[in-house]
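Visitor: Each chain is listed here by its residues.
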Amino acid sequence: MTSPLNREALLQAYRTMRIIRDFEERVHVDFATGEIPGFVHLYAGEEASATGICMHLNRKDYIASTHRGHGHCIAKGVDPVSMMAEIWGKATGTCKGKGGSMHIADLEVGMLGANGIVGGGGPLICGTALASKIRGENNVGVCFFGDGASNQGTIFEAMNLASVWKLPVIFVAENNGYAEATSSNFSVAVDNIADRASAFGMPGVIVDGFDFFAVYEAAGEAIKRAREGHGPTLLEVKLSRYYGHFEGDQQTYRAPGEVQKLRETKDCLMQFAKRVTSRGELSAADIEAIDAEVKAMIDASVVKAKADPLPAPSELMTDVYVSY
Amino acid sequence: MARKITYQQAINEALDQEMTRDPSVIVMGEDVAGGAGSPGEDDAWGGVLGVTKGLYAKHPGRVMDTPISESGYIGAAVGAACNGLRPVAELMFIDFMGVCFDQIFNQAAKFRYMFGGKAKTPVVIRAMYGAGFRAAAQHSQCLYNMFTHVPGLKVVVPSNPYDAKGLLIQSIRDNDPVIFLEHKALYTMEGDVPAESYIVPFGEAAVVQEGDDVTIVAIGRMVNYAKEAAANLRKKGIQCEIIDPRTTSPLDTDTILESVERTGRLVVVDESSPRCSMASDISGFIAQEAFGALKAPIQMVTAPHVPVPFAASLEDLYIPSPARIEEAVMKVKEYR
Amino acid sequence: MSSSPARPTRVGIIANPASGRDIRRLTSRASVFPNAEKASMIVRAIAGLQAAGVHEVLLMPDKGSISPLVYRALDMNGPSTEGQGVRFLDMTVSETIQDTLTATEAMRDAGVTAIIVLGGDGTHRAVSLRSGQIPLLALSTGTNNAFPEMREATVAGLATGLIATGAVPPAAGLRRNKVLQVHCDGRDDIALVDACFTGHEYIGSRAVWDSAVVEELFVTFAAADGIGLSAIAGQLEPVSRTAQHGLHVRCAPVGDTPRRVHAAIAPGLVSEIGVREYSHLVPHEPVLIEGRSGTIALDGEREIEYHSRSRIEVKLDPNGPVTVDVAATLTYAAQHRLMRGYVGDAA
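Protein chains in written order, with the working numbering: chain A, 1 to 324; chain B, 325 to 660; chain C, 661 to 1007.
Among the hints, erroneous ones may be present.
[Said to hold, decoys possible] Selected chain A positions facing chain C (in silico; Cβ < 10 Å):
id	residue
1	Arg26
2	Asp195
3	Ala197
4	Ser198
5	Tyr216
6	Ala222
7	Thr233
8	Glu264
9	Arg275
10	Glu281
Hints are computed from structural coordinates only; laboratory data are not their basis.
Remember, it's a predicted structure, so these values are computed and weren't measured experimentally.
For glycine and all other residues, C-beta sits at the position ideal for the given N, C-alpha and C.
Put together the whole structure using the sequences plus the hints.
Guide: Encoded structure:
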């Protein structure tokens, strides 16, 4: 049985989800003004997944993420202030402004990188898990991927390899229903991504991604199993993204009112706050205090990101093995 | 103490010595032990050509057979490198890069720069390359030029047993992803190799022989063909300087430039097809940096721009020969 | 079977595409029941129904899990077309339990005289919340199944058809089930097999697989060879489906009580449970539970979170759903020679 969450853990869970939400909502607003360069893909709506899973991890556990990676970064402990600077392309960014939204990584905290290649992280996380296994440690690797990546050969190869080598890996299929604009009901040939687990000799489980507690519990069991040396698990987290595939996507492929209805009825932050306050585990004042603190932090991160310096021209030629 | 061993034995010895020295070095690939889970003997193969034979028993748990799943295990090697191991992954034939290139060029090659210098990825990907085995279009290509094109990768093409051992040890100790390419026609080549461990640094070309008339830059197996050609040319009174870059990335441009400025004549020999090749790259570099020193147009000796054919008669035509190198040298020498 | 009724005989089929996917695949290696097999079961059940003279079969649609396999197997052009006496309900699919509730209501409104249910205990519980007195044919496809049976769908379809058309009278082929009525802070719910009070704080991933959290258990019946939480009761004192009473078990930590029982509480999991006491659960007599917090699992899935101020009442109701007794129905058919002659020819 997953140990019950104490007050500190509940506060941490809510705060992490709130940081992700506010971070993404703020990037959404700022991107629309044209000030943020490049492509961004927002995680808003999916917070319970990254948070419920990463709360079981320590700094030596690795995660591999996706192009929709801000939430995973924050949940794994990457500093949101430096992330904001990275997204603004500043020298103070997590990757000194050389990675951008799709490539935020911080190996110090076990974040192996958001990834611009759909399905790119599966093989990589098998490697971090292999390293841990060979050294006799009990650290795990978590590969986040989407319903789109669930059809990539790299994910199949990684799941097979993880089973063959009995690696401590948790494959987390975040099924938000759309690969870019194409419905997963069309593109995934089986009705549940979790059903593919049996083909790779591992358990496959479906969990409600709007419910932090459901994700937290299932992830706890899967991670415990991996740490104890029993091999990989596939968790399919059914959830939804509130924004488009990328910022600027008008989402005309979605049903009218779909997102609004989810926000009103299933939102993970709303459900969480309602549940913990109705049971008296946290007070309304606790929730409000976190909301205010996080809002101030995100506002400050944007002020700082805007004011921070651009990378020096000399940075063009550093951090690479051969510069001609 | 040096003794004569083969190119293949030199590679095996480098792996063995590095695995003994550093417990974070592991070897993985298809059949590198050869027989995992099969009913017969362990380490039956030691790789399809036996290059890793014997390592399995000496280094238990660190020589791992993989499924035929190149994206999966090449990517796993890259991930393990990010988490403290020094994996040497064998891709068998370099032609198989087609099924795992993303993990090499979008993942491994990019991490250090893209993550702001905070990642290191000390992975070595070994593979055999080159024509001459009647292995046809999908098992005979060179392709080092494609890796050389990608910033973030280092590319190693040893032409003899001594370099093979020293360059492989350097590859394993290097903190960057290295593509280590072994010409399959060289595996049986014998040469003097010290028994002790040593490194050959990257980006330092070998001047295989000195000469003042023509500079020949040759890659991998072509170095040996250039030596054959040069021996014949010496009888005609033409002194060739042969340069073996040993690594195409980083490329020792200084040594090439210095030589061409002295000889004024350049022949580049490259077993791959001509467009966007090492031959065209080195030619372009010299045309840009030493135009004034050139006494004749640069000559490229390459394979034709066709897939590698199967029939022996055609494959022999495909591969650059010592005779064609001689012709090219004569052409630049006699240019007026 | 051969008579032409004034109105066509309709039967509904509800198959839950989500059954057999919960966390027990991870915690105890429970089976994955493929949806392709559920679709095949539907097609086989339809064969049985039609052989028994059922005119129209209504199916619950889903978002491409089972439905397409069924309409392709039946050579229909799509879910919106009718073909071979089969019709998909016109309803919005939410991929939640709401689909089962909506489909049951729609079938009830369409006047079905029986519903075949493919799923686990949870699916059957959901159908029972809306099906009233319509006879159910309970077929197992889930994980933790005490209520539905593992049966060949063709035979199940045949028996259901014989009941639905009136060929076999209710008294001969139907069975009345008990049900647990659970009231918690104004919420009314039911359990067909068991209601379990657990120490889990959250509904979380719903399933119950850890015997250490089981605090109190109510069962309508308990088979000695059952699987699931009711197996605990089944090894203390088996209770048949037709007995008047149920069983009420108070558990305790294994170290706190000399009385212990081993039971298969989930697939792959035989656990030791400490038992403080157990007693018969008498119909209509409510049992009150107060002063604790936790979750209530209904038929194996955590459904209700309650706290120390919650007021909870559990009551055994003898008037639960009516189910088709396949063996009894077909035995009656044999005794009355219903299957001799022109089976399948409704003319």
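Visitor: Please check whether Ala197 (chain A) passes as an interface residue: C-beta within 10 Å of a C-beta belonging to chain C.
Guide: 8 Å, holds
Visitor: Just to be careful: measuring from the Cβ of Thr233 (chain A) to every Cβ in chain C, is the smallest value less than 10 Å?
Guide: 6 Å, holds
Visitor: With a cut-off of 10 Å, does the beta carbon of Asp195 (chain A) approach a beta carbon of chain C closely enough for the hint to hold?
Guide: 6 Å, holds
Visitor: Does the nearest C-beta of chain C fall within a distance shorter than 10 Å of the C-beta of Glu264 (chain A)?
Guide: 15 Å, violated
Visitor: So, Arg26 (chain A) near chain C? Judge it on the closest CB pair being under 10 Å.
Guide: 30 Å, violated
Visitor: Can the hint on Tyr216 (chain A) be confirmed by a CB-to-CB distance to chain C that is less than 10 Å?
Guide: Holds: closest Cβ of chain C sits about 7 Å from Tyr216 (chain A), inside 10 Å.
Visitor: Would the stated hint for Glu281 (chain A) survive a check requiring a Cβ distance to chain C of less than 10 Å?
Guide: Constraint on Glu281 (chain A) satisfied, holds at 9 Å.
Visitor: Quick check on Ala222 (chain A) please, does its C-beta sit within 10 Å of some C-beta on chain C?
Guide: The hint holds - Ala222 (chain A) has a Cβ within 10 Å of chain C, the shortest such distance being about 6 Å.
Visitor: Report holds or violated for the interface hint on Arg275 (chain A), using the least CB-CB distance to chain C and a cut-off of 10 Å.
Guide: 8 Å, holds
Visitor: Please check whether Ser198 (chain A) passes as an interface residue: C-beta within 10 Å of a C-beta belonging to chain C.
Guide: 5 Å, holds
In summary, the structure is inconsistent with hints 1, 8 from the numbered list given earlier, while agreeing with the others.
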